[in-house]
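**Student:** Sequence:
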Amino acid sequence: MKTLCLLVFLVWSSTLVHAQGFLSESSKQIFTSPQLPKQIRTHQTVAILPVEAKITYAKLPKNFNAKVHQEQEARLGQNIQKSLYTYFARRVKSYSVTFQDVDKTNALLEQAGMYGNLKNFTPDQMAQALGVDAVLNGKFDLEQTQADGSAFVTAVMRRDYVGKTGLGSLTLMLYHGQNGELLWRFFKIVDDDFTAANKELVERLMRKVSRNLPYSI
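What the sequence shown shows, in mature numbering (1 follows the signal peptide of the UniProt record, and there is no 0), is residues -19 to -1, 1 to 198, in sequence order.
Hints are computed from structural coordinates only; laboratory data are not their basis.
A portion of the hints provided could be inaccurate.
[Stated by the list, open to error] Label-pair ranges, simulated between beta-carbon atoms:
(1) E184 with T79: 18 to 26 Å
(2) E124 with S197: 27 to 35 Å
(3) K48 with V73: 34 to 42 Å
(4) N44 with K74: 47 to 55 Å
(5) N193 with Q106: 20 to 28 Å
(6) R71 with L41: 36 to 44 Å
(7) N160 with N44: 42 to 50 Å
(8) N44 with Q159: 47 to 55 Å
[Stated by the list, open to error] DSS-like cross-link-like pairs, simulated, lysine-lysine; straight-line CA separation at most 30 Å:
(9) K169 with K189
(10) K35 with K189
(11) K63 with K100
Positions of the beta carbon are idealized from the N, C-alpha and C atoms, including for glycine.
All chains, full assembly: derive it from the sequences and hints.
**Tutor:** Given below as structure tokens:
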């Protein structure tokens, strides 16, 4: 009987470890177009577009305000856009391209009537307005499970949050500027990244992105 119980336990443990390994591997997904190697050789400047951020709650916080919620999402998206640019700019020698300053990117999008309305424009239209060879678009989804949701989001945006009470996922898409073709897509679940201050969160997340960015040299 003891032998049978031990055998069942070992089989269960092996299955659990395998499942955990599968989940860990599946938390990152990368797509690369067959045209990627050819097209990126022509790229010199890349623009990082404002990131589309979505915040959802397991339970709506007290005094939830839809307008404030939208403003929080917009600020979170801007923070991630700036964090991406800052990280890449500090490591400019590690990439075969330069990244357009995001303040210039946002100003040009505003002048073209595109800022805050990116869904109505194609990647090649935005690249033309920005004068770049490619655009990097992003989405960040944050599912908050902490009771005080508004305080959690505010702390994340202020970059001083400590604690794991949320689940995030980041999607980045690289489009060729001439025809808007999707060249590269990166998806990563960042459930393990809410265990430290937000500055460290960004650094770890950016390292994961950087290792897979097609411009790395």
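**Student:** The structure should be examined with respect to each hint, and the outcome stated for every one.
**Tutor:** Each hint tested on the structure:
| no. | hint | result |
| --- | --- | --- |
| 1 | E184 with T79: 18 to 26 Å | holds (21 Å) |
| 2 | E124 with S197: 27 to 35 Å | holds (30 Å) |
| 3 | K48 with V73: 34 to 42 Å | holds (39 Å) |
| 4 | N44 with K74: 47 to 55 Å | holds (48 Å) |
| 5 | N193 with Q106: 20 to 28 Å | holds (27 Å) |
| 6 | R71 with L41: 36 to 44 Å | holds (38 Å) |
| 7 | N160 with N44: 42 to 50 Å | holds (47 Å) |
| 8 | N44 with Q159: 47 to 55 Å | holds (48 Å) |
| 9 | K169 with K189 | holds (9 Å) |
| 10 | K35 with K189 | holds (21 Å) |
| 11 | K63 with K100 | holds (20 Å) |
Hint check: no violations occur; every hint is consistent with the structure.
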